[in-house]
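Asker: Given the sequences, and given the hints that come with them, work out the whole structure.
Protein chains: 4
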Amino acid sequence: MKTDVTSIVEDPDLVEKRRHQIVVAATQLFSEQGFYKTTIKDIAKKAGVSAGLVYLYVREKEDVLLLVLLQVVEAYAREIPKAMENFTDPLERLMRAVEAYCRVVDGHRAATVLAYRSTKSLSPDRRELIQQRETETNDIIANAIVACMKAGLIRKLNVDVLTYQLVLVAHGWALKSWYFKSRLTLEEYIVDSLDILLAGVLTPVGQLHRAELRDRDARNDLGPRNSRA
Amino acid sequence: MKTDVTSIVEDPDLVEKRRHQIVVAATQLFSEQGFYKTTIKDIAKKAGVSAGLVYLYVREKEDVLLLVLLQVVEAYAREIPKAMENFTDPLERLMRAVEAYCRVVDGHRAATVLAYRSTKSLSPDRRELIQQRETETNDIIANAIVACMKAGLIRKLNVDVLTYQLVLVAHGWALKSWYFKSRLTLEEYIVDSLDILLAGVLTPVGQLHRAELRDRDARNDLGPRNSRA
Amino acid sequence: MKTDVTSIVEDPDLVEKRRHQIVVAATQLFSEQGFYKTTIKDIAKKAGVSAGLVYLYVREKEDVLLLVLLQVVEAYAREIPKAMENFTDPLERLMRAVEAYCRVVDGHRAATVLAYRSTKSLSPDRRELIQQRETETNDIIANAIVACMKAGLIRKLNVDVLTYQLVLVAHGWALKSWYFKSRLTLEEYIVDSLDILLAGVLTPVGQLHRAELRDRDARNDLGPRNSRA
Amino acid sequence: MKTDVTSIVEDPDLVEKRRHQIVVAATQLFSEQGFYKTTIKDIAKKAGVSAGLVYLYVREKEDVLLLVLLQVVEAYAREIPKAMENFTDPLERLMRAVEAYCRVVDGHRAATVLAYRSTKSLSPDRRELIQQRETETNDIIANAIVACMKAGLIRKLNVDVLTYQLVLVAHGWALKSWYFKSRLTLEEYIVDSLDILLAGVLTPVGQLHRAELRDRDARNDLGPRNSRA
DNA sequence: CATGAATGAGATTTCATTCAT
DNA sequence: AATGAATGAAATCTCATTCAT
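Residue numbers (UniProt numbering), protein chains in the order written: chain A, 1 to 229; chain B, 1 to 229; chain C, 1 to 229; chain D, 1 to 229.
In short, the hints are calculated from the structure, not lab data.
Do not take every clue at face value.
When chains are identical, the list treats them as one kind, so a pair holds in a single copy or across two.
Below, a list of computed lysine-lysine pairs in the BS3-like style, where the Cα atoms sit at most 25 Å apart [as the list claims (entries may be wrong)]: (1) LYS46 <-> LYS61; (2) LYS176 <-> LYS120; (3) LYS61 <-> LYS120; (4) LYS181 <-> LYS156; (5) LYS156 <-> LYS61; (6) LYS41 <-> LYS82; (7) LYS41 <-> LYS176; (8) LYS150 <-> LYS82; (9) LYS17 <-> LYS150; (10) LYS176 <-> LYS156; (11) LYS45 <-> LYS150; (12) LYS41 <-> LYS120; (13) LYS41 <-> LYS61; (14) LYS37 <-> LYS61; (15) LYS17 <-> LYS46; (16) LYS120 <-> LYS37; (17) LYS181 <-> LYS45; (18) LYS41 <-> LYS150.
Answerer: So this is what it looks like as structure tokens:
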């Protein structure tokens with residue numbers, strides 16, 4: 001969770017607060033104009049601080065990008081496990097994970113696209129840091145798939161490929177939002193995507209199990225968000 | 001095929017030749033270092049010409065990027081129909097299309113990633129040009145899906161979502177090559193990905209039909225590449 | 001002893017103490033990295049105070065340099081007369097003066113070099129202040145030479161030139177310490193330098209007189225440091 | 001003679017010419033205001049070129065300083081041997097060398113002072129380059145002293161110390177010009193300084209020999225510049 | 001008195017673009 | 001058509017200095 005991005009300022013609360021200001025401003029600007037067309041002065045102005053101040057909280061401009069990207073990948077790493085934690089059924093856990101992933105992406109659409117566009121603008125070590133976090137997130141999905149497989153709900157198949165297909169579902173929502181936005185809601189997108197992919201990978205037992213889950217949710221007023229395994 | 005990129009030089013053959021030199025050099029450099037870290041001088045040196053010459057064939061640096069990206073999306077628009085043209089069976093056409101897409105992406109891995117990273121570095125009008133071509137390519141896939149649906153091979157579902165899922169399969173090979181390269185061959189990736197997606201979308205009739213296609217290919221020594229519907 | 005460098009703080013003892021802290025830190029840093037590469041923060045950190053504090057005792061950064069340089073030239077003005085005060089013989093006074101000069105320089109090697117390098121970094125009025133003190137020191141040497149001349153110990157010659165030659169002997173020890181350090185001790189340097197210069201300027205009477213002084217010192221256990229005229 | 005300072009521009013004549021422009025402007029500005037207070041824009045303006053141009057001939061600002069300082073130390077290394085080359089008499093060679101040294105210093109007064117002030121502003125490797133050249137120059141003087149010693153003209157003494165005393169005579173003319181300028185001509189300074197130092201180091205034979213040289217010069221109308229051993 | 005966060009002016013350096021040759 | 005030297009605008013980053021606490 002700790003970054004190597006070091007600050008001249010000591011007070012950790014202040015660092016937190018200032019960095020937040022900077023990251024919020026930078027995320028928007030980077031998304032609109034890209035990393036290189038955004039100047040430190042732009043960021044400072046939008047954040048309501050002086051240009052020099054930025055350098056009290058960051059060593060170089062690239063650190064701002066790192067901070068922005070870390071924010072996203074750490075949102076993934078935080079939100080997805082949280083969405084799964086109250087469920088024990090393997091299939092439900094997998095579906096919750098994908099759903100949560102899509103929702104986090106939706107909440108950070110700009111930054112997700114930014115991650116695709118700008119990770120290579122980072123120096124190798126910073127880039128590795130981001131990719132490592134991303135891999136950790138993917139492992140959560142992969143583990144959920146393996147659990148389904150062990151429970152006989154998903155047929156034997158290449159876990160890496162399915163993992164990436166699910167991940168790309170989530171990322172795709174951000175990457176192609178310019179195309180989807182006028183055609184689908186996020187909920188429809190999630191349901192349709194899962195429909196296609198799960199239909200392709202569930203065993204007959206898995207299909208039955210999925211139908212049961214759907215029935216249970218339909219009986220409860222509570223809706224899927226609060227269901228228990 | 002026609003670009004708005006105008007050149008001072010008249011002789012169209014020379015323009016063709018010089019632009020090719022420039023695009024080849026630029027593609028490699030943009031992929032390695034990104035658009036902004038690559039200078040016109042870098043490109044000129046790698047292309048074996050002077051910096052000034054570039055400006056005889058291009059009005060601004062961004063035009064070079066446009067030329068590079070056009071090259072990729074036009075490769076898509078050229079190769080995918082070609083891979084389908086000798087086939088009439090709707091399912092086979094769809095599978096050939098996806099396979100061809102993946103192969104073109106593989107042949108332009110660097111440039112495909114570049115498209116994700118750098119399309120936003122273009123001015124709005126140039127960006128639109130690229131996105132329009134991309135949409136055209138997607139339409140080829142979408143039409144193939146619709147054809148399958150009409151033939152009762154694919155069940156009713158959201159065509160846009162499936163289209164994008166298939167497109168993301170192809171792009172994913174480039175985007176995540178750093179992850180896949182050590183784990184899968186391109187062929188395995190294509191087969192596994194189609195396996196998952198088709199299993200999820202084919203109707204019972206479609207499943208049967210797919211099995212037939214597979215049997216036919218297995219009987220021929222020719223292998224799938226030369227089979228006819 | 002009085003500087004124009006004014007302080008916001010009233011308590012003179014505190015001013016004294018704080019300035020000492022600052023000067024000690026600054027001397028070392030300026031010597032190692034030069035005036036411009038040394039930041040106020042560097043100085044403050046090494047002095048164990050805050051950056052803001054420095055500005056309670058100094059009006060601008062240049063004042064710190066002035067303080068540092070004043071410290072050296074005032075060490076000259078203090079130490080050299082002290083080394084002469086117990087002697088009345090003109091030749092001995094001159095030799096003591098040069099010897100003392102060399103020793104003070106040795107004790108402030110870094111700051112002496114600094115004076116050569118950085119006096120010009122001062123504003124004109126501050127620079128003049130330093131040069132004036134330096135001239136005062138030189139006058140001490142010049143007067144000692146004139147005394148020897150009047151006593152018939154040194155032949156008629158250009159006093160300014162000899163003065164500067166003697167001064168440069170002292171300064172040279174600091175300026176070229178990178179060259180001398182591995183070849184000579186300070187004592188050897190002083191003896192050899194005086195040997196050369198005095199041999200060149202003493203009258204026959206002066207030569208005899210110098211021999212007498214040397215004999216006297218040799219007879220006393222006391223050694224030259226404590227001898228009386 | 002060749003520097004590591006590399007230029008983007010190929011044409012060596014142009015490089016020569018531009019660098020000369022730059023060095024002339026920089027020498028004056030560095031001398032007046034010091035290295036750090038002089039901006040690249042100042043230099044460019046005084047040289048009558050654009051700021052960007054400077055960077056076609058130099059990689060960093062520090063390279064300009066290196067170029068300026070090299071110019072001086074190379075003038076030493078060029079002029080001093082030239083002043084000696086037509087003479088074979090060891091004492092005459094030594095005197096010519098010192099005289100030439102003083103004249104070169106006089107011609108580069110500003111840059112000589114700059115060398116004292118600013119050598120430490122160079123990075124270690126560049127600094128070493130300068131100091132090495134300086135040592136080479138000193139070796140010329142040292143060798144001339146040794147030759148006199150072997151010929152029995154100078155008494156046994158520490159060659160390093162005498163070398164530096166003679167070097168400091170030359171440098172002193174620049175370092176203390178603010179003091180000397182109103183009191184002495186360069187010629188008087190040279191004669192008086194040599195008078196003092198040589199009187200102190202010549203053997204009786206050397207003294208006689210020096211007198212002979214002086215007589216010979218006095219007999220010729222030609223004056224010392226054209227005399228032969 | 002002391003602190004240290006904040007400011008903002010200013011310097012170096014890069015590079016797209018032009019243009020004389 | 002081609003070259004490559006020259007320009008000059010713009011961006012990053014540093015740091016002396018101030019000032020609220």
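Asker: Please go over all the hints and tell whether each is borne out by the structure.
Answerer: Now for the hints, and whether the structure bears them out:
no.: 1; hint: LYS46 <-> LYS61; verdict: within (15 Å within a copy, 28 Å between copies)
no.: 2; hint: LYS176 <-> LYS120; verdict: both (20 Å within a copy, 13 Å between copies)
no.: 3; hint: LYS61 <-> LYS120; verdict: both (14 Å within a copy, 20 Å between copies)
no.: 4; hint: LYS181 <-> LYS156; verdict: between (35 Å within a copy, 21 Å between copies)
no.: 5; hint: LYS156 <-> LYS61; verdict: neither (46 Å within a copy, 49 Å between copies)
no.: 6; hint: LYS41 <-> LYS82; verdict: neither (37 Å within a copy, 45 Å between copies)
no.: 7; hint: LYS41 <-> LYS176; verdict: neither (30 Å within a copy, 34 Å between copies)
no.: 8; hint: LYS150 <-> LYS82; verdict: within (23 Å within a copy, 42 Å between copies)
no.: 9; hint: LYS17 <-> LYS150; verdict: neither (45 Å within a copy, 57 Å between copies)
no.: 10; hint: LYS176 <-> LYS156; verdict: between (30 Å within a copy, 22 Å between copies)
no.: 11; hint: LYS45 <-> LYS150; verdict: neither (54 Å within a copy, 56 Å between copies)
no.: 12; hint: LYS41 <-> LYS120; verdict: both (23 Å within a copy, 21 Å between copies)
no.: 13; hint: LYS41 <-> LYS61; verdict: both (11 Å within a copy, 22 Å between copies)
no.: 14; hint: LYS37 <-> LYS61; verdict: both (12 Å within a copy, 14 Å between copies)
no.: 15; hint: LYS17 <-> LYS46; verdict: within (15 Å within a copy, 30 Å between copies)
no.: 16; hint: LYS120 <-> LYS37; verdict: both (15 Å within a copy, 11 Å between copies)
no.: 17; hint: LYS181 <-> LYS45; verdict: neither (31 Å within a copy, 43 Å between copies)
no.: 18; hint: LYS41 <-> LYS150; verdict: neither (54 Å within a copy, 56 Å between copies)
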